[in-house]
Amino acid sequence: MNPEQSTHGETTYDIEATETKWQRVWEDLQPFRADDDSPREKRYALTMFPYPSGDLHMGHAEVFALHDVVARYWWQRGYEVLNPMGFDSFGLPAENAAIRNDEHPDTYTRANIARSIESCQKYAASFDWSRTFNTSDPGYYRWTQWLFLKFYERGLAYRKNSPVNWCPNDQTVLANEQVVGGVCDRCGAEVTKKELTQWYFKITDYAQELLDGLDDLEKTWPDRVVTAQRNWIGRSEGAHVTFTLHTAVGERDIEVYTTRPDTLYGATFMVVAADAALAAEIVHPDRAQALEDYLVEVRKASDIDRLATDRPKTGVDLGITATNPVSGEEIPVWASDYVLADYGTGAIMAVPAHDQRDLDFARTMGLPVRRVIDTGDDNPEETGVATSGDGTYVNSGPLDGLADKASGIRSIIERLEADGRGSGAVNFRLRDWLLSRQRYWGAPIPIIHCPVDGEVPVPEDQLPVTLPMLTGADLKPKGTSPLGGATEWVNTTCPTCGGPATRDTDTMDTFVDSSWYMFRYCSPHDDTQAFDSAKVNMWMPSDLYVGGVEHAVLHLLYGRFFTKVLNDMGMVDFREPWAAQLNQGFVINKGKKMSKSLGNGVNLGDQLAAFGVDAVRLTLVFAGPPEDDIDWANMSPDGSLRFLQRAWRLSGDVASAPGVDVTAGDVALRRTTARTVHDAAELVETYRFNVLVARVMELVNATRKAIDSGVGPADPAVREATEAVAVLLSLVAPYTAEEMWERLGHEPTVARTGWPAVDEALLVEDTVTAVVQVKGKVKARLEVSPGISEADLEAAALADAGVQRAIDGATVRKVIVRAPKLVNVVV
Numbered sequence: 100m101n102p103e104q105s106t107h108g109e110t111t112y113d114i115e116a117t118e119t120k121w122q123r124v125w126e127d128l129q130p131f132r133a134d135d136d137s138p139r140e141k142r143y144a145l146t147m148f149p150y151p152s153g154d155l156h157m158g159h160a161e162v163f164a165l166h167d168v169v170a171r172y173w174w175q176r177g178y179e180v181l182n183p184m185g186f187d188s189f190g191l192p193a194e195n196a197a198i199r200n201d202e203h204p205d206t207y208t209r210a211n212i213a214r215s216i217e218s219c220q221k222y223a224a225s226f227d228w229s230r231t232f233n234t235s236d237p238g239y240y241r242w243t244q245w246l247f248l249k250f251y252e253r254g255l256a257y258r259k260n261s262p263v264n265w266c267p268n269d270q271t272v273l274a275n276e277q278v279v280g281g282v283c284d285r286c287g288a289e290v291t292k293k294e295l296t297q298w299y300f301k302i303t304d305y306a307q308e309l310l311d312g313l314d315d316l317e318k319t320w321p322d323r324v325v326t327a328q329r330n331w332i333g334r335s336e337g338a339h340v341t342f343t344l345h346t347a348v349g350e351r352d353i354e355v356y357t358t359r360p361d362t363l364y365g366a367t368f369m370v371v372a373a374d375a376a377l378a379a380e381i382v383h384p385d386r387a388q389a390l391e392d393y394l395v396e397v398r399k400a401s402d403i404d405r406l407a408t409d410r411p412k413t414g415v416d417l418g419i420t421a422t423n424p425v426s427g428e429e430i431p432v433w434a435s436d437y438v439l440a441d442y443g444t445g446a447i448m449a450v451p452a453h454d455q456r457d458l459d460f461a462r463t464m465g466l467p468v469r470r471v472i473d474t475g476d477d478n479p480e481e482t483g484v485a486t487s488g489d490g491t492y493v494n495s496g497p498l499d500g501l502a503d504k505a506s507g508i509r510s511i512i513e514r515l516e517a518d519g520r521g522s523g524a525v526n527f528r529l530r531d532w533l534l535s536r537q538r539y540w541g542a543p544i545p546i547i548h549c550p551v552d553g554e555v556p557v558p559e560d561q562l563p564v565t566l567p568m569l570t571g572a573d574l575k576p577k578g579t580s581p582l583g584g585a586t587e588w589v590n591t592t593c594p595t596c597g598g599p600a601t602r603d604t605d606t607m608d609t610f611v612d613s614s615w616y617m618f619r620y621c622s623p624h625d626d627t628q629a630f631d632s633a634k635v636n637m638w639m640p641s642d643l644y645v646g647g648v649e650h651a652v653l654h655l656l657y658g659r660f661f662t663k664v665l666n667d668m669g670m671v672d673f674r675e676p677w678a679a680q681l682n683q684g685f686v687i688n689k690g691k692k693m694s695k696s697l698g699n700g701v702n703l704g705d706q707l708a709a710f711g712v713d714a715v716r717l718t719l720v721f722a723g724p725p726e727d728d729i730d731w732a733n734m735s736p737d738g739s740l741r742f743l744q745r746a747w748r749l750s751g752d753v754a755s756a757p758g759v760d761v762t763a764g765d766v767a768l769r770r771t772t773a774r775t776v777h778d779a780a781e782l783v784e785t786y787r788f789n790v791l792v793a794r795v796m797e798l799v800n801a802t803r804k805a806i807d808s809g810v811g812p813a814d815p816a817v818r819e820a821t822e823a824v825a826v827l828l829s830l831v832a833p834y835t836a837e838e839m840w841e842r843l844g845h846e847p848t849v850a851r852t853g854w855p856a857v858d859e860a861l862l863v864e865d866t867v868t869a870v871v872q873v874k875g876k877v878k879a880r881l882e883v884s885p886g887i888s889e890a891d892l893e894a895a896a897l898a899d900a901g902v903q904r905a906i907d908g909a910t911v912r913k914v915i916v917r918a919p920k921l922v923n924v925v926v
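Using the working numbering, read the sequence shown as starting at 100 and increasing by one per residue.
Note that these hints are calculated values from the structure, not bench results.
Some hints could be false.
[Stated by the list, open to error] Subject to a maximum C-alpha distance of 27 Å in a straight line, what follows is the list of computed DSSO-like cross-link-like pairs (lysine-lysine):
| # | residue 1 | residue 2 |
| --- | --- | --- |
| 1 | K141 | K318 |
| 2 | K920 | K878 |
| 3 | K259 | K249 |
Please work from the sequences and hints to get the whole structure.
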């Protein structure tokens, strides 16, 4: 160790030399390599694996620092900890970089992975690097393709033609979950609609169970994640209702879903999604061109825009009518963009008096409005404001006069079922997962298209279907997959008939790769199977999953879906992959997201060079609760560094030998140490990491005070306290902790030394200080027994001379006692 002089005139250690030194020691010792055969109780600490975009940034620094507190704590508590790291290396960023640089995406990706691993190791994250893999390795995506085929066998992977979300910039389709506020979540381009034949996973088969599972997860998952998933799944109860359409070529039944079948008497028209196949099928020939012209405009709008309540209503009269199944009334059928093609059958019954969008459409198009529930509000036809509350049925035939909504719904459903015109039903907002992408850098879909045999799965012994070598201009998006141009790769033979056939040219969404990676970590080098089920069942579900709330619906919902399917396949014995979850906030600067264009970017490398890894980690952990955003402009890594120097100096001042009998040490300092260690465990387990750091700072100050006072550096309590500081700091500032541990005369590594033992007797306080207030002001402090009764505490307070002087003969109206720490006298 080479001492150096800091800017504050204090002796400290050489940060750069210390970091280099301990990286080498850890490389030799491998303290965080998980042992499958260990008899110790197992814990699985999982952090969302990153995309290898280059070096670490402030966001990575925060999540790894927070995650590491828990992983290292578990090691100290005696668990065998699986804490792996890999890279989500397929996807658009690498492909777009390859296009710009005229190289293969794999070249770009592997260079970034090497850099990321080096940075992670310098950052002292306690990852088990022996289990690392990349999703773009054929050895991994072979099993992604295998899982796709297993889903296909079970009817959970299928192909259909439908209007899909299209990103004009990236020239690929997007799942509904990847459209945020009407724009692509990757590049920010405005999303449009396009008619394509695409691959889907049938996640809707698991909609109810995905919803039900949240009841248990809400105990250990953040509220906003659980709420986001509930809302996205969107369960509703209602009825399927059959209307008869009268088209130019004859009658045709169409089924619609409604949550309010009791308002059927108020359905004065129907609306079909303009871009649904149904609209083109039923439109009167005289109105076909008008519909086609209207579709040109419809396809320019995103789903979010189309559903906006304040958007002007537009549409086309399809020139046909439908029969209302309860009233027998003939009502017009329109096409509009405020109904979505993938909602039910793409058609709705419109009840304008009680639905604002229907009312706006009716008023714009001059369609009738009929109130069927009298809520006591003014007539919507006159006010232009739909009424959605409960009330008494009117204009509703046999329901007139009834004021019970549940009875009204039940009565109408019974009638529909009796007439064969409908039934009670449950519906979900959730739609099937669109997984195919028209880009190159992803796992090829292992299906062969044969003119004779149709869709034919690639035989398992021919997996993986590896990507052909494409670079530069060959990768540029063209509206269809770049793989379509690789004719030698595309053209193949049918595994069934042996005739000429073609490969599917789409690749899988990268969220498919990340829906099962946590299982692969349990046996990452097994080339005989996707994962070893016995090892997965031994380690999983993961005990904690740390990552960003931006994945509340996307990745977390998909991973839960995969787990349920794998359980049904008998591959795992659990149905939820992550037992608990922790979200971190964002690292911002000057109140805004970091951006080069805003001039407020913070380079992590510069911060590490200036203050060292430990100071940056400590600053991020100490900044506040994990879920809060951190404004780096308000942070003080320099202050963190000064604290670490004070802690380090303690280890040089301890004058007693290792193994000294600490029971003879100063009792007051020993009590402080015992209470700090005891409370630290609860603080980690409740994710109050910032409070943990504060308590360690208090212990450092108490120990320094003891050294500088009559207790002195040779007192065994000073060694006990300093060793506790080193162990607790190992969760946050591993380099400083290792230096302290070595100076204290111990062998490395402090990270595996074990949690400090606590003498329970030291946690029992002999006395506590009770504060006595009169008229809201403190008038006395009494040293009392922790077990004092409320009556005795009240008597002691009222007998105190200072309290008597404060009362000064006034009438005592009330005495509020909170034994053993507070008495409030009201006069």
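Hints, one by one, checked against the model:
Note on K141 and K318: the hinted pairing holds, with a Cα-Cα distance of about 21 Å set against a maximum of 27 Å. Taken as a hint, the K920 and K878 pair is honoured in the structure, with Cα atoms around 14 Å apart against an allowance of 27 Å. The suggested pairing of K259 with K249 holds, with an alpha-carbon distance near 19 Å, which does not exceed 27 Å.
In terms of the numbered hints stated before, the structure departs from none.
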